[in-house]
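Participant: The residues making up each chain are set out below.
Protein chains: 2
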Amino acid sequence: MSQQLAVGIDIGGTNTKFGIVDRRGNILCDGRMLTNKHEDVNCFLDELHQHMSVLIEQVGGSENIKGIGVGAPNGNFYNGNIEYAPNLRWKGVVPLASLLEKKFSLPTVLTNDANAAALGELIYGAARGMKDFIVITLGTGVGSGIVANGQLIYGHDGFAGELGHIIVIPGGRLHPGTGAHGSLEAYASATGVTNTAIEFLSTRPEVPSLMREHSKEEINSKLIYEAAMKGDPLAMEVYEYTGQILGAALANFVMFSSPEAIVLFGGLTQAGDVIMKPVREHMEKNLLPIFRNKVKLLFSELKESDAAILGASALAWEMKD
Amino acid sequence: MSQQLAVGIDIGGTNTKFGIVDRRGNILCDGRMLTNKHEDVNCFLDELHQHMSVLIEQVGGSENIKGIGVGAPNGNFYNGNIEYAPNLRWKGVVPLASLLEKKFSLPTVLTNDANAAALGELIYGAARGMKDFIVITLGTGVGSGIVANGQLIYGHDGFAGELGHIIVIPGGRLHPGTGAHGSLEAYASATGVTNTAIEFLSTRPEVPSLMREHSKEEINSKLIYEAAMKGDPLAMEVYEYTGQILGAALANFVMFSSPEAIVLFGGLTQAGDVIMKPVREHMEKNLLPIFRNKVKLLFSELKESDAAILGASALAWEMKD
Numbered sequence: 001m002s003q004q005l006a007v008g009i010d011i012g013g014t015n016t017k018f019g020i021v022d023r024r025g026n027i028l029c030d031g032r033m034l035t036n037k038h039e040d041v042n043c044f045l046d047e048l049h050q051h052m053s054v055l056i057e058q059v060g061g062s063e064n065i066k067g068i069g070v071g072a073p074n075g076n077f078y079n080g081n082i083e084y085a086p087n088l089r090w091k092g093v094v095p096l097a098s099l100l101e102k103k104f105s106l107p108t109v110l111t112n113d114a115n116a117a118a119l120g121e122l123i124y125g126a127a128r129g130m131k132d133f134i135v136i137t138l139g140t141g142v143g144s145g146i147v148a149n150g151q152l153i154y155g156h157d158g159f160a161g162e163l164g165h166i167i168v169i170p171g172g173r174l175h176p177g178t179g180a181h182g183s184l185e186a187y188a189s190a191t192g193v194t195n196t197a198i199e200f201l202s203t204r205p206e207v208p209s210l211m212r213e214h215s216k217e218e219i220n221s222k223l224i225y226e227a228a229m230k231g232d233p234l235a236m237e238v239y240e241y242t243g244q245i246l247g248a249a250l251a252n253f254v255m256f257s258s259p260e261a262i263v264l265f266g267g268l269t270q271a272g273d274v275i276m277k278p279v280r281e282h283m284e285k286n287l288l289p290i291f292r293n294k295v296k297l298l299f300s301e302l303k304e305s306d307a308a309i310l311g312a313s314a315l316a317w318e319m320k321d
Numbered sequence: 001m002s003q004q005l006a007v008g009i010d011i012g013g014t015n016t017k018f019g020i021v022d023r024r025g026n027i028l029c030d031g032r033m034l035t036n037k038h039e040d041v042n043c044f045l046d047e048l049h050q051h052m053s054v055l056i057e058q059v060g061g062s063e064n065i066k067g068i069g070v071g072a073p074n075g076n077f078y079n080g081n082i083e084y085a086p087n088l089r090w091k092g093v094v095p096l097a098s099l100l101e102k103k104f105s106l107p108t109v110l111t112n113d114a115n116a117a118a119l120g121e122l123i124y125g126a127a128r129g130m131k132d133f134i135v136i137t138l139g140t141g142v143g144s145g146i147v148a149n150g151q152l153i154y155g156h157d158g159f160a161g162e163l164g165h166i167i168v169i170p171g172g173r174l175h176p177g178t179g180a181h182g183s184l185e186a187y188a189s190a191t192g193v194t195n196t197a198i199e200f201l202s203t204r205p206e207v208p209s210l211m212r213e214h215s216k217e218e219i220n221s222k223l224i225y226e227a228a229m230k231g232d233p234l235a236m237e238v239y240e241y242t243g244q245i246l247g248a249a250l251a252n253f254v255m256f257s258s259p260e261a262i263v264l265f266g267g268l269t270q271a272g273d274v275i276m277k278p279v280r281e282h283m284e285k286n287l288l289p290i291f292r293n294k295v296k297l298l299f300s301e302l303k304e305s306d307a308a309i310l311g312a313s314a315l316a317w318e319m320k321d
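As they're listed, the protein sequences go chains A and B.
Quick note, the first sequence lines up with residues 1 to 321 if you use my numbering.
Quick note, the second sequence lines up with residues 1 to 321 if you use my numbering.
Bound conformation, chain A alone (with noise of 0.2 Å):
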């Protein structure tokens, strides 16, 4: 009867969604705030205790709720701090689950944002049932959630399952926030697509595109969408580059943990069969002959807001009474 609701919240490099959820996955509210407007995270706290005490009043109040699931980029499932996050302005390592445990009185337990969004698929999404499946998350930043054996894996500090961070072109594009060169996050994230696109303009003047029109600050993800949408040419190629260098990632991805399938979450997916063809076509090319034809390349099938918030959520269903 009572504590039959559960809190998920997904910090993300741009927005924090939260949500109140029911034990059937429904949302029963939620809410969004930018992420990076506090340098200060008990300013972002505060910020996020006014939305969440609103919601929460909505549901009746807090003694209904059982606690509080958090995904947030390098969070630890061990320990509940966020630790060294590339794509976030607070620095070094933050303890916010005993924050937010403190600020709201309900027990708290986070992980990282991709680790929650492979808890949504693996519960309410497309790998139902599945024991051995990978989640990439294509956003601000790429992530990855990986279930093998049917458990989540952490790895012994944690921090398993940074696939946006693996090195896919030795010695290729600057990576800003971590200064590594060639991570597959250079390419693959909203800001990797964007640079490809700026570098193409310049570099293939002779390809024509709807995109010459725009400077080059304005230059940014969905309107490369749009305009691959349209079918402009320029736009196509740059899908088609970071559909190469994403499944060539895939396939090594898949010669480690060999999942039954991989589902691909988050902005970049938007572009449907213009993204998954030339990923499909490089992962396959790039696969050992025994792993050929045998990974489900999946879109998530959850929708991009809710997914977070679910799998967050299920992090406080599996919390002990």
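No lab work stands behind these hints, which were simulated from the structure alone.
What you are looking at is a predicted structure, and each value in this text was computed from that prediction instead of being measured.
All C-beta atoms in this analysis are idealised placements derived from N, C-alpha and C, irrespective of residue type, glycine included.
You can take every hint at face value.
Below are the EDC-like pairs computed for lysine to aspartate or glutamate, each with C-alpha atoms no more than 20 Å apart in a straight line:
#  : chain 1 : residue 1 : chain 2 : residue 2
1  : A       : Lys294    : A       : Glu260
2  : B       : Lys294    : A       : Glu83
3  : B       : Lys296    : B       : Glu260
4  : A       : Lys296    : A       : Asp273
5  : B       : Lys230    : B       : Glu218
6  : A       : Lys294    : A       : Asp273
7  : B       : Lys277    : B       : Glu260
8  : A       : Lys131    : B       : Asp157
9  : A       : Lys285    : B       : Glu83
10 : A       : Lys102    : A       : Glu57
11 : A       : Lys294    : B       : Glu83
12 : B       : Lys103    : B       : Glu47
13 : A       : Lys103    : A       : Asp40
14 : A       : Lys216    : A       : Glu226
15 : A       : Lys294    : B       : Asp157
16 : B       : Lys37     : B       : Glu83
17 : B       : Lys296    : A       : Asp157
18 : B       : Lys285    : A       : Glu83
19 : B       : Lys230    : B       : Glu240
20 : B       : Lys131    : A       : Asp157
21 : A       : Lys296    : B       : Asp157
22 : B       : Lys222    : B       : Glu199
23 : B       : Lys103    : B       : Glu39
24 : B       : Lys102    : B       : Asp46
25 : B       : Lys294    : A       : Asp157
26 : A       : Lys216    : A       : Asp232
Only part of the chain B face toward chain A is listed, based on derived beta-carbon distances under 10 Å:
#  : residue
27 : Asn74
28 : Asn76
29 : Ser144
30 : Gln151
31 : Phe159
32 : Ser183
33 : Ile245
34 : Asn252
35 : Phe253
36 : Ala261
37 : Leu287
Dock chain B against the given chain A, drawing on the hints supplied.
Facilitator: Here is chain B on its own, set in the frame of chain A:
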């Protein structure tokens, strides 16, 4: 009382090693034969049966033996097949476990040779008590066994852990066995190291080397090792280069499953610090800060011949009665 013994068989790209092991991990008797002498797997099994029969007699007959565990390249735990192993002469799908069962009238379980090595490290070796680690086998080929949450990762089809075939340098050196360009195995296997030496001997004529007294055909990993132990500058550069590529690859693996340790095993590890130093340096350099100075980089504590047999035999102990 009865069935206190298990057979462990390790099928490598060059040698097949076999032994009879007691429950404490003592190898009571063992032997070896060439793997690729016979193009027909049945002739291989005939010869193996001849050798093994002598050993089985020595320990009092097959009624004392619980079963056979086999480690083999591309060995599939779920169905007992060797499937499309690039380093073996038997092509396609070879139902090795069922063939062995018929030949020896003993229950047989088979897995990837590197997974067997990982079981050996887990039960008897450097990874005792660890829940998250990776074993990398550096021999004729490069294999891997991945343990996460205390369990071997087999993947949905039994083929997880083919880290030797992940692409570390896109468009890099051709692997003649797989047709892939730039896979880890093309650089860090015995053949890979040999090819690097042959390449360096021709492209770096200014670097002095004892190896210049030998013809190209005489260069092999043993010769390179012996030269490096004498401080040979070119041989040292070969190890430095190999360590750079292997270290960068290990960094990617760490960002996948965040293991407590990586255990290196096989021929290349004989070089000790000469290989470990560059591996460690380039692994750390390529890691996100959150992963740095955390991962134990270890050499296997088991004798090379023992580890594979022990690991394979451990599969037999895990069989249901």
